[in-house]
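**Q** Work the whole structure out from these sequences, hints included.
2 protein chains.
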Amino acid sequence: MERTLVSQTIEKIGSEVLLKGWVNTRRDHGKIVFIDLRDRTGLVQIVLNPELAEGLHSEDVISVTGLIKARPEKLVNPKLSTGTVEIEAQKVELISKSAELPFDMGQETLQLELPTLLDNRALSFRHSKIQAIFKVQEVIINAFRQALKDKDFLEFQSPSIIPSIPEGGAEVFEVKYFEHKAYLAQSPQLYKSLLVSAFERVFSVNQVFRAEPSVTTSHIAEFTSLDAEMGFIDSWKEVKDMAEYTIKFILNEIQTKCSQELALFRAVIPEVSKEIPHLKLREAQQIIFDRTSRDCRKEKDLAPEDEREICKWATEKHHSELVFISHYPTKYRPFYTYPDDEDPEYNQGFDLLGRGREWLTGGRRIHDYKTLLQHAKEWKIDPDKIKTYLQAFEYGMPPLGGFAFGAERITMFVLGLSNIREASMFPRDMERVDVHL
Amino acid sequence: MERTLVSQTIEKIGSEVLLKGWVNTRRDHGKIVFIDLRDRTGLVQIVLNPELAEGLHSEDVISVTGLIKARPEKLVNPKLSTGTVEIEAQKVELISKSAELPFDMGQETLQLELPTLLDNRALSFRHSKIQAIFKVQEVIINAFRQALKDKDFLEFQSPSIIPSIPEGGAEVFEVKYFEHKAYLAQSPQLYKSLLVSAFERVFSVNQVFRAEPSVTTSHIAEFTSLDAEMGFIDSWKEVKDMAEYTIKFILNEIQTKCSQELALFRAVIPEVSKEIPHLKLREAQQIIFDRTSRDCRKEKDLAPEDEREICKWATEKHHSELVFISHYPTKYRPFYTYPDDEDPEYNQGFDLLGRGREWLTGGRRIHDYKTLLQHAKEWKIDPDKIKTYLQAFEYGMPPLGGFAFGAERITMFVLGLSNIREASMFPRDMERVDVHL
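So the protein sequences, as listed, match chains A and B. In this text, residue positions in the first sequence follow my numbering: the first is 1, and each later residue adds one. In this text, residue positions in the second sequence follow my numbering: the first is 1, and each later residue adds one.
Don't read these hints as lab results, they were simulated from the structure. Careful: at least some of the hints might be erroneous.
Within a straight-line C-alpha distance of at most 30 Å, the following computed DSS-like cross-link-like pairs (lysine-lysine) qualify [as the list claims (entries may be wrong)]:
#, chain 1, residue 1, chain 2, residue 2
1, B, K274, B, K135
2, B, K385, A, K176
3, A, K151, B, K79
**A** In structure tokens:
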């Protein structure tokens, strides 16, 4: 008999079917045993006599042949998508035996500490709430791709191994590369920019690496970077608009495809206005000063409390939980960021903030070869170490810009997770690579 | 005025438009200058008077305001998709000046040696034939995803940094990971298998790393691995069938979406029969012996000449350029490969060969925890180093299998490229990471 999936049972009342899956929970009631069987589509209740259920416990893999019956109305379980049916088991086969579990998997919410969840990753993945995180993440990544494909962007694979660290920096992992030293890419920035000189519009979904020597709830050493870059722009605002379109597309896809997953986390998609409000950094700082009397008007960036305050402002004034901040001081952003023509002390880089956190970063880049070389020198970057990148600019580069964000961070912010490690299947940090180091 | 793309010009005859792009070629004919303007959608001919064209040369980035005119029938250029029109330039602006080119970009085929192409990667990407390679690759990767999404597989992001090398091996890159040693993943194999215990069906598109200390035309140090894994199989043949479905889906997508790109390479999609023929290794070797008198019947694998011969056989006998070979000697495949129940000296691993080369590798995996532990021991693998992976099997793993292949290899085979480096945007090998080491 061909396998029936759990989700298909509600359409096959009265049929004899073959189900396969894991014993999610077992409840013994004297002469009758209930098993919730779990497969990739959900849970369904199996009714067995004690002989058929003998020895079965949680996480055993079994196949069940049985009859699908409609439940009497008062026994319908509204919490289960298959709550209108149950399976009267005729035959049970053990496919794979599970060892005794180190903790109870039957909770609606896994009440475990993060280290326990990660030490038992293969097990914690089986919980519906943890599965939901990675279903939402898949939707986010796929929506990012779809949004940009619809706008004629080419997807490319950015390399992880890079030959040198142009900007120096301790936060880069070193690789023993045959007889040489190489490094792990912190971002596809230089590659995506150089590709604009040939393909105009490109995006990538790739792992990037940050050797941040600190243990916080929002940093991991390897994450999935969603990167886009586009040429022939007339202004940095075109880049901001493309970022806005992309984020809205993603949020809309989550709303449409992940209602169940959002419900599990009691999460709602952020409220966004028709046009996401935008402030220059100095404007934002003035607003914060006016609202709180906290004077951050000469700071080079917003502190976490400022980010929260300006998000509060945007929500109150513009009914938007997202807000763009642009025009940071030029000298504190990367060498390739485009200084504003009218006031070159500030540049045309921007961040998208939401719910008090940084969601995305982007901006216009310098496209003129000589200006770029000049900036590289001022930023103390050896042009020889970015030769391949510079070549694209030497031979005719259109005005360009782009943006980037981490798939794990967006997942975390949308679902309201408290630690980014929850949004990474296999989080790496100073203390852990799968196992505790 | 809003920008018009080159491909849109044929629908706007008689309109005044603004075009932006690169000077692809310039031809001077006394009082008239022709420029082929290139943007991401193709080439179109611009007609200018010499003053407007003053100083313009190849790869300059310009904007052109002009009138779209239909060409007289005898001047239609059938080689150009916009060959029915030309643009009478009224105004030209230089957006970005290009330096003198190190080589002539105007050839239909770039007649350059690979090292020159790679030393000038930013420039070589601008050639239509090189762009075609990466458009085909995008279609391959996207088709892989689509094929598996349609079959209910979840896409996941596999980590690049791994804690240890369970199977030992010199072909792994070492990473200085904070105060520890870590390594770069050679494959997502263990991660995708363990995920089957929770998600049943998963796939990934990720960079993987091989420190192969040899310079050949078919090896690079970093490539894009397309990986799939599925649970609750009844037999290894289900895995083979899924691989067959996936490859056929991909080939069909290339056929449908890349006719222009295929034409540039005079390439045709391999001929495939309704069911791809399948042989056990020993059967294949017998056929090779019968056809050539070359006796490889006791070898553990097929040599390159054997692979070519058996592909020839499949094409002649079954009108299929692709052929599956299965049942390799158990002890020469990885520890997790499932030994055949009837003849455990051979296992249920398989390769898909095509046009004399290996396209894909896959197989059923051991799902029983004790058997897997036993194999790990026999293969001299420290179970402690694969703890996270083994955990999935300890707590109930369904019968499973999967397959994997490299995006660059498939691109190379389909387009008939002579070196895999041509199919990688930024190929890494012993001698090169962007620049010569």
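**Q** Need the status of pair K274/B, K135/B: alpha-carbon distance at most 30 Å?
**A** holds, 27 Å
**Q** Take the C-alpha atoms of K385/B and K176/A, compute the straight-line distance between them, and say whether it is at most 30 Å.
**A** holds, 21 Å
**Q** Hint check: K151/A vs K79/B, CA-CA at most 30 Å. Holds or violated?
**A** holds, 27 Å
Consistency note: the structure conflicts with none of the earlier hints.
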